[in-house]
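Peer 1: Sequence:
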Amino acid sequence: TSLSLELSTYTGDIHVLNFKTSQYKGSIKSDNGDVHLKSCEFNHASVETIGGNVSVENYHRSLHVKTSSGDIRVSGDLTQGQMITNSGNTELNCSIQQELQAETSSGDILCRLSQKGGKLTLSSMSGDIEFYGPVGDEVNLNSGSGDLEGDIVVFPTGSITLISNDGDIDFS
Numbered sequence: 001t002s003l004s005l006e007l008s009t010y011t012g013d014i015h016v017l018n019f020k021t022s023q024y025k026g027s028i029k030s031d032n033g034d035v036h037l038k039s040c041e042f043n044h045a046s047v048e049t050i051g052g053n054v055s056v057e058n059y060h061r062s063l064h065v066k067t068s069s070g071d072i073r074v075s076g077d078l079t080q081g082q083m084i085t086n087s088g089n090t091e092l093n094c095s096i097q098q099e100l101q102a103e104t105s106s107g108d109i110l111c112r113l114s115q116k117g118g119k120l121t122l123s124s125m126s127g128d129i130e131f132y133g134p135v136g137d138e139v140n141l142n143s144g145s146g147d148l149e150g151d152i153v154v155f156p157t158g159s160i161t162l163i164s165n166d167g168d169i170d171f172s
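Just so we're aligned: the sequence shown equals residues 1 to 172 in this note's numbering.
There may be inaccurate statements among the hints.
[As the list claims (entries may be wrong)] As a list, the in silico DSS-like pairs of lysine-lysine whose alpha-carbon atoms are at most 25 angstroms apart: (1) 38 / 116; (2) 38 / 20; (3) 66 / 20; (4) 66 / 119; (5) 116 / 29; (6) 38 / 66; (7) 66 / 25; (8) 66 / 29; (9) 25 / 38.
[As the list claims (entries may be wrong)] Restraint ranges, calculated between C-beta atoms of paired labels, are given here: (10) 12 / 160: 37 to 43 angstroms; (11) 7 / 98: 33 to 39 angstroms; (12) 115 / 171: 34 to 40 angstroms; (13) 50 / 160: 14 to 20 angstroms; (14) 82 / 168: 14 to 20 angstroms.
Everything labelled a hint here was simulated from the structure, so no lab data went into it. Glycine included, C-beta positions come from ideal geometry on N, C-alpha and C.
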């Protein structure tokens, strides 16, 4: 069995530093405060805010982040993850082993992959998407009315799909 760590606040910020154990599942919730995780390793972590920003640095393993109007910033080595925000921006600086999804309704997404691997899906209804890095698996970028841009290297095992209904596409 795995152990659980649950943290919750209404208006205060939550900071978790150097918490490393693969036996724990983390559940962190904040209505209006920001959440900061730095150098942490959970078996799986779930972070949820309404109006607060989420910053996750040097994270390892599985991560799920959901916020209504806050920004999301994540760096580390993810086995899998899902990042969802309605009106905030998302910045990802990481590697993926299995699968990563990032969605926003009206925010921008910036993704820098440090190494090839894993399936990546980035989608925004009305924001821009920037992607930089190697493509060794499947990468899907979809924007309803925003631009797609970046710099990529596609390996023989990789594929990339770029869709922008009402925006420019600029890749090198």
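Peer 1: Take the hints in turn and mark each one as holding or not.
Peer 2: Going down the list of hints, with the structure as the test:
1. 38 / 116: Holds, because 24 angstroms separates the two Cα atoms, which is no more than 25 angstroms.
2. 38 / 20: Cα-Cα ~10 angstroms, so holds.
3. 66 / 20: holds (22 angstroms)
4. 66 / 119: holds (20 angstroms)
5. 116 / 29: With a Cα-Cα distance of about 32 angstroms, the restraint between residue 116 and residue 29 is violated, given a limit of 25 angstroms.
6. 38 / 66: With Cα atoms ~18 angstroms apart, residue 38 and residue 66 stay inside 25 angstroms; holds.
7. 66 / 25: Between residue 66 and residue 25 the Cα gap is close to 16 angstroms, so the pair holds against 25 angstroms.
8. 66 / 29: holds (10 angstroms)
9. 25 / 38: holds (16 angstroms)
10. 12 / 160: 37 to 43 angstroms: holds (42 angstroms)
11. 7 / 98: 33 to 39 angstroms: This hint is violated: roughly 26 angstroms between Cβ atoms.
12. 115 / 171: 34 to 40 angstroms: Check failed, 19 angstroms falls outside 34 to 40 angstroms.
13. 50 / 160: 14 to 20 angstroms: violated (34 angstroms)
14. 82 / 168: 14 to 20 angstroms: violated (27 angstroms)
Of the numbered hints stated above, those contradicted by the structure are hints 5, 11, 12, 13, 14, listed in ascending order.
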